Amino acid sequence: MSLIYLLDLCAVAVCAITTTLEAHRRELDLFGVLVIAVISGIGGGTVRDILLGRLPVYWIHDPVYVAVGLIAGTATFFLGRRISFPKNFFLIPDAVGLALFTVIGTSVALKLGTPWLIASLMGVITGVFGGVIRDILCNEVPLILRTDIYATASLAGATLFILLEQLEMPHNTAMISAIISIVIIRLAAIRWHIHLPRLRADT
Amino acid sequence: MSLIYLLDLCAVAVCAITTTLEAHRRELDLFGVLVIAVISGIGGGTVRDILLGRLPVYWIHDPVYVAVGLIAGTATFFLGRRISFPKNFFLIPDAVGLALFTVIGTSVALKLGTPWLIASLMGVITGVFGGVIRDILCNEVPLILRTDIYATASLAGATLFILLEQLEMPHNTAMISAIISIVIIRLAAIRWHIHLPRLRADT
Amino acid sequence: MSLIYLLDLCAVAVCAITTTLEAHRRELDLFGVLVIAVISGIGGGTVRDILLGRLPVYWIHDPVYVAVGLIAGTATFFLGRRISFPKNFFLIPDAVGLALFTVIGTSVALKLGTPWLIASLMGVITGVFGGVIRDILCNEVPLILRTDIYATASLAGATLFILLEQLEMPHNTAMISAIISIVIIRLAAIRWHIHLPRLRADT
Chain A
1 MSLIYLLDLC
11 AVAVCAITTT
21 LEAHRRELDL
31 FGVLVIAVIS
41 GIGGGTVRDI
51 LLGRLPVYWI
61 HDPVYVAVGL
71 IAGTATFFLG
81 RRISFPKNFF
91 LIPDAVGLAL
101 FTVIGTSVAL
111 KLGTPWLIAS
121 LMGVITGVFG
131 GVIRDILCNE
141 VPLILRTDIY
151 ATASLAGATL
161 FILLEQLEMP
171 HNTAMISAII
181 SIVIIRLAAI
191 RWHIHLPRLR
201 ADT
Chain W
1001 MSLIYLLDLC
1011 AVAVCAITTT
1021 LEAHRRELDL
1031 FGVLVIAVIS
1041 GIGGGTVRDI
1051 LLGRLPVYWI
1061 HDPVYVAVGL
1071 IAGTATFFLG
1081 RRISFPKNFF
1091 LIPDAVGLAL
1101 FTVIGTSVAL
1111 KLGTPWLIAS
1121 LMGVITGVFG
1131 GVIRDILCNE
1141 VPLILRTDIY
1151 ATASLAGATL
1161 FILLEQLEMP
1171 HNTAMISAII
1181 SIVIIRLAAI
1191 RWHIHLPRLR
1201 ADT
Chain F
2001 MSLIYLLDLC
2011 AVAVCAITTT
2021 LEAHRRELDL
2031 FGVLVIAVIS
2041 GIGGGTVRDI
2051 LLGRLPVYWI
2061 HDPVYVAVGL
2071 IAGTATFFLG
2081 RRISFPKNFF
2091 LIPDAVGLAL
2101 FTVIGTSVAL
2111 KLGTPWLIAS
2121 LMGVITGVFG
2131 GVIRDILCNE
2141 VPLILRTDIY
2151 ATASLAGATL
2161 FILLEQLEMP
2171 HNTAMISAII
2181 SIVIIRLAAI
2191 RWHIHLPRLR
2201 ADT
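Protein chains in written order, with this note's numbering: chain A, 1 to 203; chain W, 1001 to 1203; chain F, 2001 to 2203.
Rather than coming from a laboratory, the hints here were simulated on the basis of the structure.
Among the hints, erroneous ones may be present.
As the list claims (entries may be wrong) - Listed below are the simulated SDA-like cross-link pairs for lysine to any residue, each with C-alpha atoms no more than 25 Å apart in a straight line:
id	chain 1	residue 1	chain 2	residue 2
1	F	Lys2111	A	Val64
2	W	Lys1111	F	Lys2111
3	A	Lys111	W	Leu1117
4	F	Lys2111	F	Val2057
5	W	Lys1111	F	His2061
6	W	Lys1111	A	Leu55
7	F	Lys2111	W	Leu1021
8	A	Lys111	W	Val1047
9	F	Lys2111	A	Glu168
10	A	Lys111	W	Asp1062
11	A	Lys111	W	Arg1054
As the list claims (entries may be wrong) - Far from chain A, by Cβ distances over 10 Å, these chain F residues were calculated:
id	residue
12	Gly2053
13	Ala2075
14	Val2096
15	Lys2111
16	Leu2121
17	Val2132
18	Asn2139
19	Ala2151
20	Asn2172
21	Ile2180
22	Arg2191
Since we're looking at a predicted model, the values are computed, not measured.
For each residue, glycine too, the CB sits at the ideal point set by N, CA and C.
Could you put the whole structure together from the sequences, leaning on the hints where they help?
Written out as structure tokens, the structure is:
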């Protein structure tokens, strides 16, 4: 569990860093930036825990999660302007974060004995809802409702993970396979502009 | 309870169908449409269960709710464009859905021994909050805050239901009376453009 | 506890009154105004209780909170237009409300044995999240993400309160000191336009 914990904290930090870097186009003060940075990192797991009734939510008795988000966000706020990152620098850590959150969320729900449809949904919620709450706070239509294979990659990975667990593959192997598959689907969707059918106003 | 369960599922399906049909004016892909279709159907009961502490929320161990929302949403997404519905085709099922959700929510809260003011509030929340969350996700001011007698019909029906229960009317008779009164108030408000006093910027 | 309870209800009333007075610039009917008036008053404590797992949330079994919000909101809706308040009339009660909610929220979290970082966060959430939910419902970027020392005053007071409790100052003295410090910081920030560093689009 120790490796998972460390990876989870890394994903929180990545979320906080990317959110702070993107915050330039919004008019926020330091406090506002830190709020959305932390929420991006822990919002998904928070919604999952509330829906599943795992209360108090996971970060209440372990302040390390919030602290990591605050430190990563503050450092990026003050240093982020000096360093210019290549445009796609964060796409890979971002995809890894999505994959980690998804697999952790699915795993938590399965342990509580939820049906597979609900367990995969909990994986997706853990993966994407931090970003959804951030976008709602910033008064934007959440990205996952509009754009390419983001939540879908999460859903595919969650489903694969459940399938592998059903087939009694060792837990760690199932986890790593699902994580890798989410990262690959996500990056492939970005690379080749794959997306789902869309409703258009003129049809 | 079996009839209530079936009606509840019908209301979830109606919510998913009307949300998907209305989604044409928003730029969403299939995934986004399904998210808001399912949330419209189960969001109200979810908020009610969280506030009341009935956790995990009701659909966690019964995936039929989510499944019905997904199937109704997907079918409407692919077939909805071919069929042209009369403009007001869904007003009646929509009003029935509001009525069902309201009465079920009020009933759940009363069973937990909440005061009547809170029980009627839980009825209204169950009735309208699915649509509120959907509108927030789509970055719109929730309809219930702006328009005609929608939440008010829900509130009137919840109050009537509590009153009839106090008067020791048989449970099913009280339920049906409340459901019918909500449908009638809602449809009358649409028909004769009845609305509550409104604040205006110039006063 | 009786004084705290009374002050808490006063803060709910102040929130409902100021929200209703400000609602003129939004196009809401009476129902919509009452919804956001009540949510402003009880939203922060509700989110705190959910995150901490204190369910059902505090107003479920004590309808006085909702009733106070409804009465204050209704009275303001009908009388508010006749009376013209001086522009800054509500700044002081508003700051006192923020201070009260913050200290109550921090105190609740400390009693449950949460770490200090989380307890201060719960204080801030109790203080500001009612307004955040109101702004989200009205489709606006929440004020606390954009403007001057509001949440920061709350955070400073919560931290001071925890510090004084650690130093074993009598509970009531610690509470009053924290409340006064929040009010002073908040009013000083308004008076001298103090604010945190801000990200700008051109940097």
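Now the hints, each set against the structure:
1. A hinted pair counts as satisfied when its Cα atoms are at most 25 Å apart, and Lys2111 (chain F) with Val64 (chain A) qualifies at roughly 20 Å.
2. Between Lys1111 (chain W) and Lys2111 (chain F) the CA atoms are separated by roughly 30 Å; this puts the pair beyond 25 Å, and the hint is violated.
3. For the hint linking Lys111 (chain A) to Leu1117 (chain W), the alpha-carbon distance of about 38 Å lies beyond 25 Å, and the restraint is violated.
4. Restraint check for Lys2111 (chain F) and Val2057 (chain F): satisfied, since their Cα atoms lie roughly 16 Å apart, inside the 25 Å limit.
5. Under the criterion of a C-alpha separation no larger than 25 Å, the hint pairing Lys1111 (chain W) with His2061 (chain F) is consistent with the structure, at around 13 Å.
6. Using a Cα cut-off of 25 Å, the hinted pair Lys1111 (chain W) and Leu55 (chain A) holds, with the two alpha carbons roughly 23 Å apart.
7. Simply put, Lys2111 (chain F) and Leu1021 (chain W) have alpha-carbon atoms about 49 Å apart, too far for the 25 Å limit, and the pair is violated.
8. Restraint check for Lys111 (chain A) and Val1047 (chain W): the C-alpha separation of about 24 Å stays at or below 25 Å, so the hint holds.
9. At roughly 44 Å between alpha-carbon atoms, Lys2111 (chain F) and Glu168 (chain A) are farther apart than 25 Å, so this suggested pair is violated.
10. Of the pairs offered as hints, the one joining Lys111 (chain A) and Asp1062 (chain W) holds, with about 16 Å between alpha carbons and a cut-off of 25 Å not exceeded.
11. For the hint linking Lys111 (chain A) to Arg1054 (chain W), the alpha-carbon distance of about 20 Å falls within 25 Å, and the restraint holds.
12. Listed as outside the interface, Gly2053 (chain F) is inconsistent with that label: its C-beta sits roughly 3 Å from the nearest C-beta of chain A, within the 10 Å cut-off.
13. At roughly 31 Å, the least C-beta separation between Ala2075 (chain F) and chain A is larger than 10 Å, which holds for a residue marked as non-interface.
14. The non-interface label for Val2096 (chain F) is consistent with chain A: the shortest C-beta to C-beta separation is roughly 21 Å, beyond 10 Å.
15. Non-interface status of Lys2111 (chain F) relative to chain A is upheld: no Cβ of that chain comes within 10 Å, the nearest being about 13 Å off.
16. At the 10 Å boundary, the C-beta of Leu2121 (chain F) falls inside the reach of chain A, the nearest C-beta of that chain being 7 Å off.
17. Look at Val2132 (chain F): its CB is around 7 Å from the nearest CB on chain A, not clear of 10 Å, so calling it non-interface is violated.
18. With a least beta-carbon separation of about 7 Å from chain A, Asn2139 (chain F) fails to lie farther than 10 Å from that chain, contradicting its non-interface assignment.
19. A cut-off of 10 Å between C-beta atoms contradicts the statement that Ala2151 (chain F) is not in contact with chain A; the least separation is 5 Å.
20. For Asn2172 (chain F), the condition that its CB be more than 10 Å from all CB atoms of chain A holds, with the nearest at approximately 26 Å.
21. Residue placement check: Ile2180 (chain F) keeps its beta carbon more than 10 Å from all beta carbons of chain A (closest about 22 Å).
22. Distance check for Arg2191 (chain F) against chain A: the nearest CB is about 18 Å away, which clears 10 Å, and the non-interface claim stands.
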